[in-house]
Amino acid sequence: MQRRRPDSQTIRTLRDALAADIAYGRLDLAQAVKRMRKISGLTQVQFAKHRGMSLLTLKRIESGKGNPTIETLDSIGTLFGLRVAFVHADPKTTAHWLEHGDPHDNDR
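For the sequence shown, the positions run 1 to 108 when the working numbering is used.
Just so you know, these hints were derived from the structure itself, not from any lab. Bear in mind that the values here come from a model prediction, so they are computed numbers and not experimental data. A portion of the hints provided could be inaccurate.
Lysine-lysine pairs mimicking DSS-like chemistry, simulated, CA-CA at most 27 angstroms apart [to be verified]:
| # | residue 1 | residue 2 |
| --- | --- | --- |
| 1 | K49 | K38 |
| 2 | K49 | K65 |
| 3 | K38 | K65 |
| 4 | K59 | K38 |
| 5 | K34 | K49 |
| 6 | K92 | K65 |
| 7 | K65 | K34 |
Based on the provided sequences and hints, a complete structural model is requested.
Following this line, the structure appears as structure tokens:
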């Protein structure tokens, strides 16, 4: 079954909200991937095929039970301009840096 793709303004709004939620550490991997798929307007079958993975892999990731490879995560993330990287374990620290700037900017 084809999902109805949101209009371009809605997609922009949803992508911005997703980016903020990721930046502030408000989503786990399963939640982020599921939101990316839904913003794309694709079913699990379509999204898995589009990103070059098995349906089972996608279902496991979205349920929080998957152990995806870096290649799989990169395949998913590139659709949204994201890449795999380390993030600070404390979302409050990341939020502080986002709001006040990187304290090490002057060191570069």
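> So which of the earlier hints does this model not fit?
Replying inline: none
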